[in-house]
Amino acid sequence: MSAPAARRRDPDRDPGLQPERTRLAWRRTTLSGTVVAVLAVKTVLHGGASAAGVLVCAVCCVLWLGFLGVAHRRIRTLAAAPSPVAFAPRHATAAVLCTVAMAACGAALVL
1176 MSAPAARRRD
1186 PDRDPGLQPE
1196 RTRLAWRRTT
1206 LSGTVVAVLA
1216 VKTVLHGGAS
1226 AAGVLVCAVC
1236 CVLWLGFLGV
1246 AHRRIRTLAA
1256 APSPVAFAPR
1266 HATAAVLCTV
1276 AMAACGAALV
1286 L
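Residue 1256 in my numbering is what sits at position 81 of the sequence shown, and the numbering runs on without skipping anything.
To be clear, the hints were calculated from the coordinates, so they are not data collected in a lab. Just so we're clear, the structure is a prediction, and the values are computed from it rather than from any experiment. C-beta: ideal position from N, C-alpha, C; glycine also. Worth double-checking, as some hints may not be accurate.
What the hints assert, rightly or not - Label pairs and their calculated CB-CB ranges:
{"hint": "1", "residue 1": "LEU1286", "residue 2": "GLN1193", "range": "19 to 27 angstroms"}
{"hint": "2", "residue 1": "PRO1259", "residue 2": "THR1209", "range": "21 to 29 angstroms"}
{"hint": "3", "residue 1": "HIS1221", "residue 2": "ALA1276", "range": "41 to 49 angstroms"}
{"hint": "4", "residue 1": "GLU1195", "residue 2": "VAL1285", "range": "15 to 23 angstroms"}
{"hint": "5", "residue 1": "ALA1278", "residue 2": "HIS1247", "range": "15 to 23 angstroms"}
{"hint": "6", "residue 1": "VAL1229", "residue 2": "ALA1254", "range": "16 to 24 angstroms"}
{"hint": "7", "residue 1": "VAL1285", "residue 2": "GLN1193", "range": "20 to 28 angstroms"}
{"hint": "8", "residue 1": "ALA1278", "residue 2": "PRO1257", "range": "31 to 39 angstroms"}
Starting from the given sequences, assemble the full structure and let the hints guide the process.
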């Protein structure tokens, strides 16, 4: 594909909606993380509060707060700029690490 052809826009696509869709996706992901944290607390309280379970649950809640901070920062950045700004690699790494670590904490609570 030539360079001018690659620059042409699809007339049916509205690029102005992309930041809004991305903000909504961040909100949905944050809601999913909230559900994970609440289920971790429920699992610990329902299964008997052992020291290890409480520790893993506390780590899960801290990771949720970290992810919430990254997501809120991204949502705020997308809302402030008229065109999307690139996601900083350190923030992307933090979001991925929080997500993977929350999954590991969930697995540790179930097993």
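Looking at the structure, which of the earlier hints fail to hold? Violated hints (numbers, rising): 1, 3, 4, 6, 7; every other hint is consistent with the structure.
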